[in-house]
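Protein chains in written order, with UniProt numbering: chain A, 1 to 336; chain B, 1 to 320; chain C, 1 to 326.
It cannot be assumed that every hint is accurate.
Here chain A is said to cover these stretches of chain C; the calculated rule only asks that three of the stretch's residues, wherever they fall, bring their Cβ under 8 Å from a Cβ of chain A [claimed, not checked]:
| id | region |
| --- | --- |
| 1 | 222-230 |
| 2 | 236-250 |
Non-contacting residues of chain A with respect to chain B, defined by C-beta distances greater than 10 Å in every case (computed) [said to hold, decoys possible]:
| id | residue |
| --- | --- |
| 3 | 64 |
| 4 | 85 |
| 5 | 88 |
| 6 | 132 |
| 7 | 145 |
| 8 | 148 |
| 9 | 156 |
| 10 | 202 |
| 11 | 209 |
| 12 | 263 |
| 13 | 277 |
| 14 | 310 |
Only some residues are given here: those of chain A computed to face chain C with a beta carbon under 8 Å [said to hold, decoys possible]:
| id | residue |
| --- | --- |
| 15 | 101 |
| 16 | 103 |
| 17 | 110 |
| 18 | 113 |
Hints in this document: simulated from the structure, not taken from any laboratory.
A quick note: this is a predicted structure, and the numbers were derived from the prediction, not measured.
Where a beta carbon is used, it is the ideal one built from N, C-alpha and C, also for glycine.
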Amino acid sequence: MTREPVLSIRNLSVDYGLGDAAVRAVRDVSLTLHRGEVLGLAGESGSGKSTLAYGMLRLLPPPGVIRGGQVTYHPRDGEPIELLSLSRKRLRRFRWAEVAIVFQGAMNSLNPVHTVATQLTDVIAAHEPRTTAAARRARAVELLKLVGINADRLGSYPHQLSGGMRQRVMIAMALALEPRVVVMDEPTTALDVVMQRQILATLVELRERIGFSVLFITHDLSLLVEFSDRIAIMYGGRIVESAPAAELYRSSLHPYSDGLLHSFPALRGPRRELSGIPGSPPDLRAMPAGCAFHPRCPKAFDPCADRAPELAEPAGREDAGRSVACWLHTAERVTP
Amino acid sequence: MAVPTDVLSAPAEEPAAKRGRRSSFLRNGKVLTGLVILGFLLVIAVIGPWIAPYDPGQRGDDLLVGPSAEHWFGTTHLGQDVFSQILDGTRSVMLVGIVAGVVATVLAIVFGVTSGYFGGAGGESLSAVSNVFLVIPALPLILIITLSLPETNDLTIALVIGFTSWAWGARVLRAQTLSLRRRDYVEAARATGESTWRILGFEILPNLTAVIAASFVSTVIFAVLSEITLAFIGVPGVSEWNWGAILFWAQSQQALAQGAWWWFVPTGLAIALLGTGLALVNFGIDEYVNPRLRGGPQRARGVTMRVGFTPVLPAAKETR
Amino acid sequence: MTYVLRRIAFYLFTAWAAITINFFLPRAIPGDPVQALISRARGQLDADAVQSLYILFGLDTDQGILSQYWDYWGQLLRGDLGLSFTFFPTPVADVIADSLPWTLALVGITTVISFLLGTGLGVLAGWWRGSWVDLVMPVTTFLSSIPYFWLGLIAITLFAGQGGPFPSSGGFDPGVVPGWDLGFIGSAIHHSILPAITILITSMSGWVLSMRNMMLTVAAEDYITVAHAKGLSERRVMVSYAARNALLPSVSSFALALGLIVGGTLLVEIVFSYPGVGFQLFSAVGAKDYPLIQGIFLIITLSVLVANLVADLVYLLLDPRTRKEG
């Protein structure tokens, strides 16, 4: 796989609120999405994973504010684009054409008073104003076919569709302008397991056919292990571990990743012990000092409560492309 | 909700934060202003007749004169002091508003909560009854009932208004109760065999406090305006110097044509003051119930918060 | 379709309830003071008219209540609302027929305009929160807390009377003869401007407030974020996504609030001596003209019910979900 970046986030920090009252939901996160890959972003609710995704696209509602960092999009040709300094007009033109989103809970993502056709075509009309209405409609039919929905559903209103169908419509809509990046925020949480697999299978197939990159956000690590190339794990607003999916599954380094992996049964391979993680996610307004995970960590030791570990290549390991933020894997610990 | 509500809504759920919210309700500028206005008018309602410089009915020699040191708000065609009349009338206005508000709110709770909690055919028909009362034009209904009564005074008028204006509150409370009934803790209480009255009293009603308060305040606004209107039309029985009655005299004595603006302008402003005070308190309650309405720091430190375009703090543009 | 039928059934039920209230009210109270009025007027009334008033006010006590009720309905369906005392011996139905068109034109049109304008302003105030549009809020708060009729008094003082550009009372110039000609219509419009603006200003503020709040509530819905993410123009997100959805609850509360608004607007007629039913109601109260008061109550109620039904049909057009469930 080529390691050409499409979207890179550097030191992004996102707050809710201003000044002293601000809740720091995303802290100094760096992450790169490469061309054609599926990058999974996992963590418990409140870990900041959705905040990160919406923050980088500047879609967070008030009181969300971006406190610092850079988000750079690398177009096929031409200069990189800094998303955080785009004017409103240019940001609008950028959205959906380059980065589209499939939202959590398609129940509320579709406008209840417009038909599927209207909602599929208005985005085309906004970005390609010179197309004719007939051409847009033909494109909408094509898009629905892509996700396995019959064209006679064009005239339907959202409430007339099943949950799975609504989510397929959302995926069709995301592909309307052939974006290079699709962000999927818990795209299948509201659906039953069979429907989940069906939709993700459709998506994987479409990605192979069309070739876009996916940022896949979910709390369900088992889905990521199966469907993504690389996984980043977030805790308390930071990325604590990032590794290729297979390797993470085989040997996770951060105790938190370990806990997440042991909170669902293995789908294939040898049986693992199920344990889960004791305690509950940290309060973002009163984060513990040092490593945010240390109060829940079974392997916590001296430095954990004092200083927060940096996200870095694990010491003493040769496998490239991994990083972890844990005192267990820093040079100090491994080579005392 | 797609946007990370886990972060946004989590603080509001915790008891500690709730206490904070309550005190922030009182610190809300609108609420505070509203409460100060209402407090002031309540004091006037109690002491008004005593501090009035003249007997409001007492005729004087200065007929229809404008505001002066002796008569702050001027005099009527009989030389009565308008300022004293307004002070004296405050009691009637406030009394009718509060009595009608209490009656209507109690009825709204009875109709709304029972029809929402018990559901079924009974609940549906209770809700149909409140819809009927909602749709029938209130003022004409109040008018024909008042006129049919053999004897009217402030109290009977307050009762008539109370008995005809509970429907809006009932509707809101019913909707709220319906949604509360499906909450886990209420389901759990029912499953463990708690008595219905206990559930209503300890699980449902406390969670309806804000909605009940809002419906009380709205009813008081409505009752005050209705009563003033009745007095203005000349319905008998309303207290002699009710603000509506003052306007009735101003209107019937052609105060307008004679340019006697002082006869109705201060009275109207008094009504507006009361109405604004009540409305401000209601806004505060609305914002408390529905945090989406809260103004918050929409524009602070040069940052404008807008849905769809998350602001980037100025420092963020350079790499730190 | 069932939705419409269900609504019609509800309005028929409400109409029945209003008529029944009207039937029982005078019966719940001893014969006074209606009896007094009837006996005073007996010399001038023929036997039929007396009988009709007896039925309307429950003085035909020798009959059973059911047969009284039956007679009452028969009389209403024939359009017989009794005789007016103020305009003796004109039947109440005729008095109302003369004044209703004035009210329908003034109150009907201004209520609809006020809803549309207020909703439009509310959309802007909700969407551009934090901008100068916020200044609208204190003004609307103040305006929504004063009685309509008082603003009418102020309007007359400022803009009518000696030398003012607008007439202070009446529905048309005394000189013109009512009819469908330009002179009359022009004069009628000239007379209606001041009352219409009074009603507009006071009733509009409520719509501004409620639509603003609905816009703020809707702005947090997912589909709005989706619309922004789609890169749609600001205008399209505001109108077609936010306002279009915020309008739904606003229309249903418009239907419900009609009864309240109409009550307030009728009073503006009193201040302007406008020849509609509100002004008739005022004169009827002054003259203790019970048949006229009751007749006006019935007519206003029925008009509001019809307006409600229209609002329901509009809602049906706006919300595809009701269409489906229908």
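Quiz item: Hey, does residue 277 (chain A) actually stay past 10 Å from chain B on C-beta?
Solution: 17 Å, holds
Practice problem: Evaluate the condition: distance from the CB of residue 132 (chain A) to the nearest CB of chain B exceeds 10 Å. | Solution: 28 Å, holds
Self-check item: chain C contact restraint on residue 110 (chain A) - CB to CB distance below 8 Å
Solution: Holds, because the Cβ-Cβ distance from residue 110 (chain A) to chain C comes to roughly 6 Å (cut-off 8 Å).
Quiz item: Is the nearest Cβ of chain B still more than 10 Å from the Cβ of residue 64 (chain A)?
Solution: 5 Å, violated
Quiz item: Within the region 236-250 of chain C, is the number of residues with a Cβ closer than 8 Å to a Cβ of chain A three or more?
Solution: holds (count 6)
Self-check item: Given as non-interface: residue 263 (chain A), partner chain B, CB spacing beyond 10 Å
Solution: Holds, since 18 Å exceeds 10 Å.
Quiz item: Would residue 202 (chain A) pass as off the interface with chain B, using Cβ distances and a cut of 10 Å?
Solution: 20 Å, holds
Practice problem: Examine each Cβ of chain B, and state whether all of them lie more than 10 Å from the Cβ of residue 148 (chain A). | Solution: Per Cβ check, residue 148 (chain A) is outside 10 Å of chain B; nearest 23 Å; holds.
Quiz prompt | Interface exclusion of residue 209 (chain A) relative to chain B, criterion Cβ beyond 10 Å | solution = 26 Å, holds
Self-check item: Coverage of the region 222-230 of chain C by chain A (three or more Cβ within 8 Å)
Solution: It holds, with 8 qualifying residues against the three required.
Quiz item: Regarding the hint that residue 103 (chain A) lies at the interface with chain C, is the smallest CB-CB distance below 8 Å?
Solution: With a closest approach of 6 Å, the residue 103 (chain A) hint holds.
Quiz item: Can we confirm that no CB of chain B comes within 10 Å of the CB of residue 88 (chain A)?
Solution: Non-interface label fails for residue 88 (chain A): nearest chain B Cβ at 6 Å, not farther than 10 Å.
The structure does not agree with the numbered hints 3, 4, 5 stated previously, though it agrees with the rest.
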